[in-house]
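Make the complex out of the two chains shown on their own, each in a separate frame, by following the hints.
Respectively, the protein sequence lines represent chains S and P. Position 166, counted from 1, in the first sequence is what this note's numbering calls 166; the numbers after and before it change by one each time, with no gaps. Position 100, counted from 1, in the second sequence is what this note's numbering calls 100; the numbers after and before it change by one each time, with no gaps.
Since the hints were derived computationally from the structure, they do not count as laboratory data. One thing to keep in mind: the hints can contain errors.
[Claimed, not checked] Taking lysine-lysine pairs in the DSSO-like style, the calculated list, with each CA pair at most 30 Å apart, reads:
| id | chain 1 | residue 1 | chain 2 | residue 2 |
| --- | --- | --- | --- | --- |
| 1 | S | LYS388 | S | LYS85 |
| 2 | P | LYS212 | S | LYS470 |
| 3 | P | LYS135 | S | LYS486 |
| 4 | S | LYS470 | P | LYS244 |
| 5 | S | LYS42 | S | LYS388 |
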Amino acid sequence: MSAQHPLQFVPAAEFKQRSVDATSDAHLRQSFRGAMDFLMAKRAAQFPDDASLQRQRAIAEAIRQYSLARLPDLLEQLERNLTAKGVQVHWAENAEEANAIIVGIAQRHSAKLMVKGKSMVSEETELNHAMEAAGIAALESDMGEYIVQLDGEKPSHIIMPAIHKTKQQIARLFAEKVPGVSYTESVDELIGIGRAVLREKFMHADIGLSGVNFAVAETGTLCLVENEGNGRMCTTVPDVHVAITGIEKVVEKLEHVPPLYGLLTRSATGQAITTYFNMIGGPRKGGADGKGAELDGPKEVHLVLLDNGRTQAYADEQMRATLQCIRCGACMNHCPVYTRIGGHAYGTTYPGPIGEIISPHMMGLAATHALPTASSLCGACGEVCPVKIPIPDLLIRLRGEATHEARPGHAPLVGQGAARSALMDAVWAGWAALYTRPALYRAFGWLATRFRFLTPPTQSGWTVSRTPLKPAARTLREQLAERRRKTH
Amino acid sequence: MHREITRDPRPKDVYFFATCLVDLFCPEAGMDAIELLEREGIAVHFPENQTCCGQPAYTSGYADEARAVAQVQMALFPEDWPIVVPSGSCAGMMRHHYHKLFADDASLKAKADALAERVFELSEFLLEVLAVQWKESSTGRRPTTVALHTSCSARREMGTHVHARALLDSLPGVTVVTQSHESECCGFGGTFSLKHPAISGAMAGDKADALKESGAETFLSADCGCLLNINHTLQKRKDAFQGKHLATFLRERTEPAGTGDEA
Ligand code: SF4
Numbered sequence: 001m002s003a004q005h006p007l008q009f010v011p012a013a014e015f016k017q018r019s020v021d022a023t024s025d026a027h028l029r030q031s032f033r034g035a036m037d038f039l040m041a042k043r044a045a046q047f048p049d050d051a052s053l054q055r056q057r058a059i060a061e062a063i064r065q066y067s068l069a070r071l072p073d074l075l076e077q078l079e080r081n082l083t084a085k086g087v088q089v090h091w092a093e094n095a096e097e098a099n100a101i102i103v104g105i106a107q108r109h110s111a112k113l114m115v116k117g118k119s120m121v122s123e124e125t126e127l128n129h130a131m132e133a134a135g136i137a138a139l140e141s142d143m144g145e146y147i148v149q150l151d152g153e154k155p156s157h158i159i160m161p162a163i164h165k166t167k168q169q170i171a172r173l174f175a176e177k178v179p180g181v182s183y184t185e186s187v188d189e190l191i192g193i194g195r196a197v198l199r200e201k202f203m204h205a206d207i208g209l210s211g212v213n214f215a216v217a218e219t220g221t222l223c224l225v226e227n228e229g230n231g232r233m234c235t236t237v238p239d240v241h242v243a244i245t246g247i248e249k250v251v252e253k254l255e256h257v258p259p260l261y262g263l264l265t266r267s268a269t270g271q272a273i274t275t276y277f278n279m280i281g282g283p284r285k286g287g288a289d290g291k292g293a294e295l296d297g298p299k300e301v302h303l304v305l306l307d308n309g310r311t312q313a314y315a316d317e318q319m320r321a322t323l324q325c326i327r328c329g330a331c332m333n334h335c336p337v338y339t340r341i342g343g344h345a346y347g348t349t350y351p352g353p354i355g356e357i358i359s360p361h362m363m364g365l366a367a368t369h370a371l372p373t374a375s376s377l378c379g380a381c382g383e384v385c386p387v388k389i390p391i392p393d394l395l396i397r398l399r400g401e402a403t404h405e406a407r408p409g410h411a412p413l414v415g416q417g418a419a420r421s422a423l424m425d426a427v428w429a430g431w432a433a434l435y436t437r438p439a440l441y442r443a444f445g446w447l448a449t450r451f452r453f454l455t456p457p458t459q460s461g462w463t464v465s466r467t468p469l470k471p472a473a474r475t476l477r478e479q480l481a482e483r484r485r486k487t488h
Numbered sequence: 001m002h003r004e005i006t007r008d009p010r011p012k013d014v015y016f017f018a019t020c021l022v023d024l025f026c027p028e029a030g031m032d033a034i035e036l037l038e039r040e041g042i043a044v045h046f047p048e049n050q051t052c053c054g055q056p057a058y059t060s061g062y063a064d065e066a067r068a069v070a071q072v073q074m075a076l077f078p079e080d081w082p083i084v085v086p087s088g089s090c091a092g093m094m095r096h097h098y099h100k101l102f103a104d105d106a107s108l109k110a111k112a113d114a115l116a117e118r119v120f121e122l123s124e125f126l127l128e129v130l131a132v133q134w135k136e137s138s139t140g141r142r143p144t145t146v147a148l149h150t151s152c153s154a155r156r157e158m159g160t161h162v163h164a165r166a167l168l169d170s171l172p173g174v175t176v177v178t179q180s181h182e183s184e185c186c187g188f189g190g191t192f193s194l195k196h197p198a199i200s201g202a203m204a205g206d207k208a209d210a211l212k213e214s215g216a217e218t219f220l221s222a223d224c225g226c227l228l229n230i231n232h233t234l235q236k237r238k239d240a241f242q243g244k245h246l247a248t249f250l251r252e253r254t255e256p257a258g259t260g261d262e263a
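Chain P with its partners taken away, still in its complex shape (with noise of 0.2 Å):
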């Protein structure tokens, strides 16, 4: 799963896939993502035409429309960069699961193949590629207690978790604390959440109260699709605990190592 990366030479662009849930539902994640990126003098191309991965249609059974949306986006990065996604399960679609969409057709299937090896989680990148160095902003000295959810994808496809928790790990003042059952399922899983509400509720109920019973102050996660079904969750229990993008988080408490003043 942890794949080998190397980083010579240091990309000077990259192509940004948003996602369709960023897109519509977390811009701010995206945003904060891009900034990242950009405050590292990378030069973040957004392709205008791209949608949605296709994961959606894909887990469901609908492979022939999966195919379709997925043969749209693969058009959409000429250049031979970098393709960084905020969220693992999207890049876990798109470096896992592409290449047995197009199985059938040799060309597609190579397309996707190479494809696969330019698509980078977002925490991943940052750590592997770029090895960023950061130092705490001025918001980032007050100290913190958080909790990780790291999406099921990102776990046992792209093996990101470890990205995500060197990322927070290297921050001063940030103390990561882990809630029981780390590692298990938030109950989120697409149409799952929609065609069975009561395991996929009693599932993402677990998740929040473990999650608050960790006694962070916020958690994080580097995937929009777990933060909409852990928040909305808390919300409908009426409570303020919400969650974060991960990309929000490192953004609001770092600062590149060599720019700006202490002062």
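The following block holds chain S by itself, in its conformation from the complex (with noise of 0.2 Å):
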């Protein structure tokens, strides 16, 4: 597997190969087609009527523009209102000021254990190499991270980590990693001997580290969405409570969260609501004189906020757009790509639509200009993204920002211009060559079907699964000029 693959650089070649090898591996293809069969069946079946879903998508885009359009004023109103109830914020414009910061904090603390509730930004960051790097171990408490990093492996779905894995994987894992396991197939045993584990573990780790849904500027408040109640753990039950997020996650009000949360729900999991939403505003309050002094949750909370190339898409117009995201997954639930390859081809933290058009902002186009270019434009993304985002237009605007020089009046985007190369631009060149001069493309049809017989046996991707493509023995035109000359 890709296990100990470090993910922060991606050459874009070995992207093409891993799609290759995972498109030949059936049993991948049956498992991720069956499992997004699922989620796509229990999404739809949230939203029965389309109108309705129209008028809940407008408002969630105009929420998430509304707040992009705010936001270096909703972060600053943020982080006085969460340093007025004694969160302490840090700035981290990269992946590794984020793992010092937070390696720092532990640190300081003296500790031994952290436990992670599910965070695609600690992901993103690869914080437990930074946090075993350091002699800290990081355990992840979500089940499906678990699993995952049981296995010594990365999430391949931003909303089910472990969903590449079956019941038998799983089981052969937990009777081989888990001290004391055998091997089950009943998946209430399974995640009962999960449990199990982390239980203990909550008990004795000194730092919780958990990601952030939405962070709501006015009031300060940090909001957290989970099924499983380890989101809840991580926060409230060590001592220290690390949340990290990409700046891009505020809102400004608390009236702004409900319309987003409840698309966000049913977007993913086709779940009207979660089992848990954590709404976290603060450390533990002391009571001066020791009187009315809070008995449980952290002592510290610290919020790290996390640039890592957003900036660059927030400073285009049209990019900003990728901004909007709230990370449901539908976009490569839907993907017929993903479907095919899942999520561990793409060697990126977001894997599907909402990867290729992000991952180049935080790794630069040199090592991820593949990927936008590993899509139909078949528009399934675009379709169900619940806060309208227009992925298809991103992924062709990458593709030419990947193979041209940046525009005139426009900053040069980390790898811009990666892609190009002489022969693609020569080819291009000859294309519009043909196509804005009639007669020479006129002349060409005629050629094309006279020689149609020299038609090469195998014509590029074309011919890997498909017979080659033949002119027909006359033009459309030609065929309307015959008729004309019968007619008359």
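Structure below.
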């Protein structure tokens, strides 16, 4: 598996090979197809009325756009209000800075064990590696994350990290890696085993880490959406809670949360609401004279706000829409490419359509330029995206940026023009020369039909699984001319 | 997506934009589409200088090249007639993307917007503008079962999957069956099929399987790109099951209600 592969640099060429391997893996194909069918059906059942869905999407889009339009102000407001409630706010420009901040907090507390709720941003920074390097154990407590961590893997889906694994694989993994456990395929028993291990760890952990789904600026509230209760454990049991999130997750008001939350859970897992919705408002309150002191909750709460390329997307009017994302995963569930290659083939923290449009900002186009090309532009992602991100348009835009210098007046992206090739420039220049000169084009059609017997038997990627394309005996325009001659 | 269309006055003339794929690879579909229009009493004008809508370059990120080609096409339709396109994909390009290509040039943008208003996908035009009334032709009497594959642009940009389906549903003796994962892409995607042959081939293979398993005698599509993709995949497997263009099927099975004789 791509288990120990460092994911912060993913050469574009490797994506292609991984996608080839994945499509020829019948087992993988079948399991992703089944899982995605299940998730699509669950989502569809939540939106029986399309008109209502479209209204909700319009509202959610408006909220996200409004929040992004005021992002710098909202972030400052968030910091002010959180600080007033005793939360320590940190800013990290990149993954290394974020990890250093968190390792620093852990070291100050001489921490030995960190328990983690599900946080894709901590996957993005590869926090676990940094913690391990500092000699601090970092244990995933979301069941899916726990499973992939146990197997030395990365999540293959942002909502369902272990969706690529079968029951049997998990049973074998537990029997092998969890002391004193024997092989069982009972899902209830497997979950029970995981729970027992994790319960014990929660009690001894020095630090809890979580992600954030929505950060409310006006009230200084961090909202966390989850189903297993492990998020609540991570954020309340250890003495120190560290939350990490991308800078785009902020909204202005509490009332902006419910419309987004309702679409998030319905789009993601087809749930009308999750089992847990945590609203974190700061560390336990002290009570100055020892009276009225709160008896539980973390003594210290930190928030790490991560940029990691987001400001590059933010700076561009069109690409800013990328940051509207609420990480529901619906775009991957509905993506025919993701369905066939699975999440690991992308080699990025965020796979599927959202990964294709956001990874270039996080990792640069040199490493990621193949990703935006891995789409037939079928539009299924844009159709289901609850915040109406025009994903296909952004894919086209990134294809252009990867193959061209920055346009005048535009700041170059990291890795701008990385896929530029003199050959492709010439191919498209030739294409344009042909299709802008009708007489030449007609001559081409005439020749192509007359010499159709010369059609090459292999035609680039086309003939890998198809017979060659062969021009008709006569073009349409010739047939029309012929018909005119006959009737006049 | 679905737009309001006025039927009055019924147009006497239309432009026909064949698309480069129909011109070179599926001309019979173009001829059939033209016949479907002409037999409704419409004069079909074929601008000789048409080439390609520009979509391949546009979706590959070569906007300048796409713009140059699009501009040549935009100059081809001086009269205020509808422009009928036998492809949801190319119609989608002209209706929904031309204006984006010319966003920086007010006068070209205005032209693109005006052109978009006049672009129709064939089945949409037949149903919404002409409100065609057909009866079965002599070859249309044999009962048959068909599956319909709708291109992604037709479905998600143009909303014309409903028109193709409605036309088929109106034909006596034709049973339309639905293949599994009906709304999923066939994997063509223009240059995507060349760049990522493994992924594209996997999608095309699954689509071919679904269409075959639907039990249909043949399958239809209003897009030549999808047809080439799926048919050539089936041919590679030496499978005789092949799809045809919706226009061809409609032309074969029907004739205008007011003409001919039943004898
Ligand atoms: S891009 Fe849209 S559909 Fe995809 S994860 Fe983000 S919000 Fe969900």
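Verification of the hints:
Between the alpha carbons of LYS388 of chain S and LYS85 of chain S the distance comes to roughly 34 Å, so the proposed pair goes past 30 Å and is violated. For the suggested pair LYS212 of chain P and LYS470 of chain S, the alpha carbons sit about 24 Å apart, so the restraint of at most 30 Å is met. Distance restraint check for LYS135 of chain P and LYS486 of chain S: the Cα-Cα separation of roughly 28 Å lies within the 30 Å cut-off, and the hinted pair is therefore satisfied. Only pairs whose Cα atoms come within 30 Å are accepted, and LYS470 of chain S paired with LYS244 of chain P is accepted, the gap being roughly 16 Å.
A threshold of 30 Å between alpha carbons decides the hint, and for LYS42 of chain S with LYS388 of chain S the separation of about 20 Å falls inside it, so the pair holds.
Checked against the numbered hints given earlier, this structure breaks only hint 1.
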